[in-house]
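Line by line, the protein sequences give chains A and B. At position 211 of the first sequence (counting the first as 1) the number is 217 in my numbering, and the numbers step up by one without a gap. At position 26 of the second sequence (counting the first as 1) the number is 32 in my numbering, and the numbers step up by one without a gap.
Each hint should be verified, as a subset may be incorrect.
[As the list claims (entries may be wrong)] Derived contacts from chain B toward chain A, CB cut-off under 10 Å, selection only:
| hint | residue |
| --- | --- |
| 1 | E40 |
| 2 | H147 |
| 3 | D148 |
| 4 | V245 |
| 5 | A360 |
| 6 | E362 |
| 7 | P366 |
| 8 | D371 |
| 9 | L407 |
| 10 | T433 |
| 11 | H441 |
| 12 | Q443 |
Honestly, the hints are just simulated from the structure, not real lab data. Just so you know, even glycine gets a beta-carbon here, dropped at the ideal spot from N, CA and C.
Number of protein chains: 2
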Amino acid sequence: MPSLSELMKKWKNPVEMLRNSRSGIYVYPVVAPEFANWRDEQRAWRESAVLFDQSHHMDELIVEGPQATEFLSHHGINRFDNFGLNRAKHYVPVTPAGHVIGDHIIFREREDKYVLVGRAPTANWLMFAAAWGNWNVRLRHDPRSPSRPEGERVLRVHYRYQIQGPEAWKVIEKMNGGPIPDIPFFHVDWINVGSKRVQALRHGMSGAPGLEIWGPYEDKSYILSTILQAAEDAGVNLVRCGSRAYSTNTLESGWIPSPLPGIYTGEGMLADYRDWLGDDMYEAVGSIGGSFVSDNIEDYYMTPFDLGYGFYIGWNKDDFIGKAALQEMKDKPHRKKVTFEWNRDDVLKVIATAFEDGTPMKWIDFPQPNYASTSADMVLEGDRMVGLSMFNGYSFNERALLSLGVVDPDVEVGDVLTLKWGEPEPTMKTSTERHRQADIRVRVCPAPYARQARESYAPGSWRTKAEKAAG
Amino acid sequence: MPSLSELMKKWKNPVEMLRNSRSGIYVYPVVAPEFANWRDEQRAWRESAVLFDQSHHMDELIVEGPQATEFLSHHGINRFDNFGLNRAKHYVPVTPAGHVIGDHIIFREREDKYVLVGRAPTANWLMFAAAWGNWNVRLRHDPRSPSRPEGERVLRVHYRYQIQGPEAWKVIEKMNGGPIPDIPFFHVDWINVGSKRVQALRHGMSGAPGLEIWGPYEDKSYILSTILQAAEDAGVNLVRCGSRAYSTNTLESGWIPSPLPGIYTGEGMLADYRDWLGDDMYEAVGSIGGSFVSDNIEDYYMTPFDLGYGFYIGWNKDDFIGKAALQEMKDKPHRKKVTFEWNRDDVLKVIATAFEDGTPMKWIDFPQPNYASTSADMVLEGDRMVGLSMFNGYSFNERALLSLGVVDPDVEVGDVLTLKWGEPEPTMKTSTERHRQADIRVRVCPAPYARQARESYAPGSWRTKAEKAAG
Numbered sequence: 007m008p009s010l011s012e013l014m015k016k017w018k019n020p021v022e023m024l025r026n027s028r029s030g031i032y033v034y035p036v037v038a039p040e041f042a043n044w045r046d047e048q049r050a051w052r053e054s055a056v057l058f059d060q061s062h063h064m065d066e067l068i069v070e071g072p073q074a075t076e077f078l079s080h081h082g083i084n085r086f087d088n089f090g091l092n093r094a095k096h097y098v099p100v101t102p103a104g105h106v107i108g109d110h111i112i113f114r115e116r117e118d119k120y121v122l123v124g125r126a127p128t129a130n131w132l133m134f135a136a137a138w139g140n141w142n143v144r145l146r147h148d149p150r151s152p153s154r155p156e157g158e159r160v161l162r163v164h165y166r167y168q169i170q171g172p173e174a175w176k177v178i179e180k181m182n183g184g185p186i187p188d189i190p191f192f193h194v195d196w197i198n199v200g201s202k203r204v205q206a207l208r209h210g211m212s213g214a215p216g217l218e219i220w221g222p223y224e225d226k227s228y229i230l231s232t233i234l235q236a237a238e239d240a241g242v243n244l245v246r247c248g249s250r251a252y253s254t255n256t257l258e259s260g261w262i263p264s265p266l267p268g269i270y271t272g273e274g275m276l277a278d279y280r281d282w283l284g285d286d287m288y289e290a291v292g293s294i295g296g297s298f299v300s301d302n303i304e305d306y307y308m309t310p311f312d313l314g315y316g317f318y319i320g321w322n323k324d325d326f327i328g329k330a331a332l333q334e335m336k337d338k339p340h341r342k343k344v345t346f347e348w349n350r351d352d353v354l355k356v357i358a359t360a361f362e363d364g365t366p367m368k369w370i371d372f373p374q375p376n377y378a379s380t381s382a383d384m385v386l387e388g389d390r391m392v393g394l395s396m397f398n399g400y401s402f403n404e405r406a407l408l409s410l411g412v413v414d415p416d417v418e419v420g421d422v423l424t425l426k427w428g429e430p431e432p433t434m435k436t437s438t439e440r441h442r443q444a445d446i447r448v449r450v451c452p453a454p455y456a457r458q459a460r461e462s463y464a465p466g467s468w469r470t471k472a473e474k475a476a477g
Numbered sequence: 007m008p009s010l011s012e013l014m015k016k017w018k019n020p021v022e023m024l025r026n027s028r029s030g031i032y033v034y035p036v037v038a039p040e041f042a043n044w045r046d047e048q049r050a051w052r053e054s055a056v057l058f059d060q061s062h063h064m065d066e067l068i069v070e071g072p073q074a075t076e077f078l079s080h081h082g083i084n085r086f087d088n089f090g091l092n093r094a095k096h097y098v099p100v101t102p103a104g105h106v107i108g109d110h111i112i113f114r115e116r117e118d119k120y121v122l123v124g125r126a127p128t129a130n131w132l133m134f135a136a137a138w139g140n141w142n143v144r145l146r147h148d149p150r151s152p153s154r155p156e157g158e159r160v161l162r163v164h165y166r167y168q169i170q171g172p173e174a175w176k177v178i179e180k181m182n183g184g185p186i187p188d189i190p191f192f193h194v195d196w197i198n199v200g201s202k203r204v205q206a207l208r209h210g211m212s213g214a215p216g217l218e219i220w221g222p223y224e225d226k227s228y229i230l231s232t233i234l235q236a237a238e239d240a241g242v243n244l245v246r247c248g249s250r251a252y253s254t255n256t257l258e259s260g261w262i263p264s265p266l267p268g269i270y271t272g273e274g275m276l277a278d279y280r281d282w283l284g285d286d287m288y289e290a291v292g293s294i295g296g297s298f299v300s301d302n303i304e305d306y307y308m309t310p311f312d313l314g315y316g317f318y319i320g321w322n323k324d325d326f327i328g329k330a331a332l333q334e335m336k337d338k339p340h341r342k343k344v345t346f347e348w349n350r351d352d353v354l355k356v357i358a359t360a361f362e363d364g365t366p367m368k369w370i371d372f373p374q375p376n377y378a379s380t381s382a383d384m385v386l387e388g389d390r391m392v393g394l395s396m397f398n399g400y401s402f403n404e405r406a407l408l409s410l411g412v413v414d415p416d417v418e419v420g421d422v423l424t425l426k427w428g429e430p431e432p433t434m435k436t437s438t439e440r441h442r443q444a445d446i447r448v449r450v451c452p453a454p455y456a457r458q459a460r461e462s463y464a465p466g467s468w469r470t471k472a473e474k475a476a477g
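Using the sequences plus the hints, can you model the full thing?
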C-alpha cells in the first residue's frame, strides 16, 4: 500500500489531488435515506422528538492504558484537569503548526480508558502518534461502516442512538422506567433501557435536553425496539431520522463537521505522518469541493480560533502539540464562525437552470448539497474574498438554505455577501455533474442559526460560550 | 395474521385504507442511492452506458411443473402459442373483470419452467391462483429485498444486472470475449461473463441494444467485477446507477410500474383472494398518493387497453381469466397512455414555497417525487378530469419533470392540461409533509417521451407497436 506521501508526488499539489478525488459523495452510510420523509424528520427535532441512529457514520477509537490520559492530553488542545470520570468533552487535536486535524467526542469511561467518536482524521492521527511517540497506550480502532455495503452485513463494536427534541425527555423517562437524575450537560450516567443498563451522555438540541446512548452492537435491535415502544407508551411522535435529513441537523446547531485536516504540509512529525498514512485513507481519498481554489493547501486549514474553539485551550497544561503555535496566534485577529443564509431568489435562479438546455448551474441537491468530504466555497464582498462556506444544507424548519463557515474579523452579522456556488472548471470528482458557477447572495447570521438553539442550546458548550463544560 | 378482507373492514373503503398507509416511501432497496451523482447517472444511459443493479427491488417467482404453461397462459392476457424456449414476454394478468393486476417480465427457461420478475401483485396473485384452481405447478417465491435492511445481510436467489446505453454493446462484447450472435429483442441466449456462462435477455434503451443478465446470487461480486473490468478494457464510461436515478429511467422509456392491482372489489375468485392475502402484503400495506380521491377504488383500476397492452391479448386462446370482460371492452373507447411534461414556471412556483413561512406546496423531491406505491394525480381540462398522472420524476436528459399516465380518448398530444399536485387534505402517510395543493400545467406528449426511445426503442414492444414480440 503506497503512502499519502507517495500519492502526493503524483499530483502538482495536494489541492489538485483532493479536488479530483473519485471517491464520491461523503455519505452517511447504512441508515435508510428516509424513514418518513426528510422534511418531517427535520421538523421532528424542532417540534416533537427525533431518533438519530449514529451507529455507522463515525470512527470509534478506544484508548486505554497507563498513559491514556497523558497521551490524549498531549495530543489535544483541551484541558484535562477538569476531566472527571463520567463526563465527555469535545476533543480537538491540532498539528504542531496549530491547525485543526479534526474533532471527536471523547468519553472518559475509567481512569485509564477513553472512547473517542468522530471522523477518521482524529483517529488516524492518534493511531500514528501513539507509535511515533512510543506511548504506553492500547488502541482499538473501529472504522466507520462502508459507504455502500450493497446488502453485505455491517457490524460495529457499538450501537449509538441519540434522542433529541422538545419531547425527548418524556421518551427517555418512559424508557428508564422513571425519572432520571439530573445529568449535567456533556456528562455521562447509566440509565435503564428496558432490561439493560446503558451509558448515556446528556446532550441537547433545540433548547431541550436529550441523550446519546451506546452499548454493544448486538444489543441494537433490542434497544431500538425498546425506544420505539417507550415513545408509543409516552404518546410522543418520535420520528426516526434517515441519512438524508441527519447530516443537516448541524446547520441548525452550528457545528462544522468537515474542516480539512491540516496535515498536508509541515516537516518532522507531519512528514512522518504522511509517510504513515495509506493512500486508501480519508486524508488521501477525501475530497475538496467548491468554488474556492488555491494552489496552497494551507489556505484551507482552520485554527481552533477560527472555529470558535479557542476557549477550550488548556493554556495551563505544561505542553501539548501545537501549544507554541497557538500561543503565537492567540492575540492576533481571528476569523469567526457564522451561518450564511442563502438568498431565496438567487437559489431559485440556480434551480431554474435545471429546466433549461445547455450546461446548468451546479445542482443544489436537497436537503444536502455537499458534494465533497470538505466543502470550500468562496464568500465575497465585491471582488474580495472575506469568508469560506464549509457545510451546506436546507432546513425545512427555517425554510432556508443555510451554510456554516468562517468570515474575516471585520465581517458583521447582517452583512450581505456573495457566495460563489459551483466549481470554476470540471474536475474528476464523480459527485458533481458538469455545471456553471452562480452567485448567491448570503446574509451573515450567527452560528448556531436557529433562534432556539442560539438562545438555549445548553450551558457549557461553544454554542453559548457561557461556560466551558464541553471544552 | 389477519387477511386483507379483515383489514378492509376497519376502513370506510379501501381508498381510505391505502391513502392512509404508514408503510412509507416505496423505495428501490439495498442499492446505494448514488454511485456518482444522479444527474450523471441519468446522463449515462443516454450518452455512454449505465449499469443497473436490479437484484433487489423485484419479486421473483419460478413456476414449474407439468401444467406450468397452461397455468400461466390461463392467468395472463398474453399469447402463449408463440412463446418458444429462450424468449421472454411482458406478462400481464388481469382480474375476471378485466382489470390489470400487475405485470412481470417472464422468461421461459424450459418447456415446463418459467421465471417471472416484477412487483409483488403478480406473484401474489399467481401463488393464490395455483392453490385456488388446484393446478399442478410448483412455485418458488423470492420476495424483494427489505426496504430498510439497516446493515443486515440481504440475499436473493438471483443477481440481476442490466447494461444499457449507446455504448453498452462494446462492454458486452468485451465481457463475452468476442462478438455476440444477434439475439432478437426480448429473446434470451447464453453469453460469457469472464469464466461463467450466463443467461442474457436482449433488451434495449435509448435506441441501442442492451442486455439483462442473471444468475446465482453468490456469483454477484464476480459478475460485477468482470463487468467493470470489461468496461475499463473497452474504454467505455460505464456508470453504475444508484437507486435515486434508477426509478426515473422509465419516464424516458414509457413503462408505468405502478398500476393499482384491481383486486379490492369483485366476488368469487377475487373475494377468496382477499381472504387469502395477508394484512402485511403489498395489497394491504401499499399506498395511494396524489390529488385524485374517489370513494370508489375501481376508479383507480386500469385495463390493458388503458396502458397500451391491448395488442398483447391472445384472443385465440380458448379461455383465460378476464377474457370475457376484455372482449366486452374491446371495441369501446379506451384511455391512452401518455407522458405529461410539467410546466417549468409552475414547478418553480411550487419549489419557491419551500422558502416561505407557512404551509408549503407539496415538495417535489428530485429526481423522484413519488410518495406512494401508486401515484394518482388528477389531470384536468378546466374543471373536468381528463386524465390521471401515475408516475413522476425529473429527467436531467430532458431537463424536465415528466410523468406517465393515461388520458381520455379525446385528449390529443400537444394539449395543455392542469395537473393537481398534492393531496386535498392530510393523510396518515409518513411519506409526505403537510402541504397545500398546486396547479401545474402539463403538456401532453407521447409515451415514451424521449425522442430516441420514441423513434428507435426496439422493434417488437408496445414502445413502437410495430410488432408484438414482447406481447
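Hints versus structure:
Annotation: interface hint on E40 (chain B) holds; nearest CB of chain A at approximately 6 Å, less than 10 Å. Proximity of H147 (chain B) to chain A is violated relative to the hint, the smallest CB-CB distance being about 19 Å (cut-off 10 Å). Hint status for D148 (chain B): violated, given a least beta-carbon distance of 14 Å to chain A, over 10 Å. The criterion of a C-beta within 10 Å of any C-beta in chain A is met by V245 (chain B), whose closest approach is roughly 8 Å, and the hint holds.
Interface hint status for A360 (chain B): upheld, as the beta-carbon distance to the closest one in chain A is roughly 6 Å, under 10 Å. Look at E362 (chain B): its Cβ gets to within about 6 Å of chain A, closer than 10 Å, so that hint holds up. Given hint, P366 (chain B) at the interface with chain A, holds; its Cβ is 8 Å from that chain's nearest Cβ, closer than 10 Å. Proximity of D371 (chain B) to chain A holds as hinted, the smallest CB-CB distance being about 7 Å (cut-off 10 Å).
Proximity of L407 (chain B) to chain A holds as hinted, the smallest CB-CB distance being about 8 Å (cut-off 10 Å). About 13 Å separates the beta-carbon of T433 (chain B) from the nearest beta-carbon of chain A, more than 10 Å, and the hint is not met. Checking H441 (chain B) against chain A: minimum C-beta separation of about 9 Å stays under 10 Å; hint holds. Hint status for Q443 (chain B): violated, given a least beta-carbon distance of 16 Å to chain A, over 10 Å.
Checked against the numbered hints given earlier, the structure breaks hints 2, 3, 10, 12 and satisfies all the rest.
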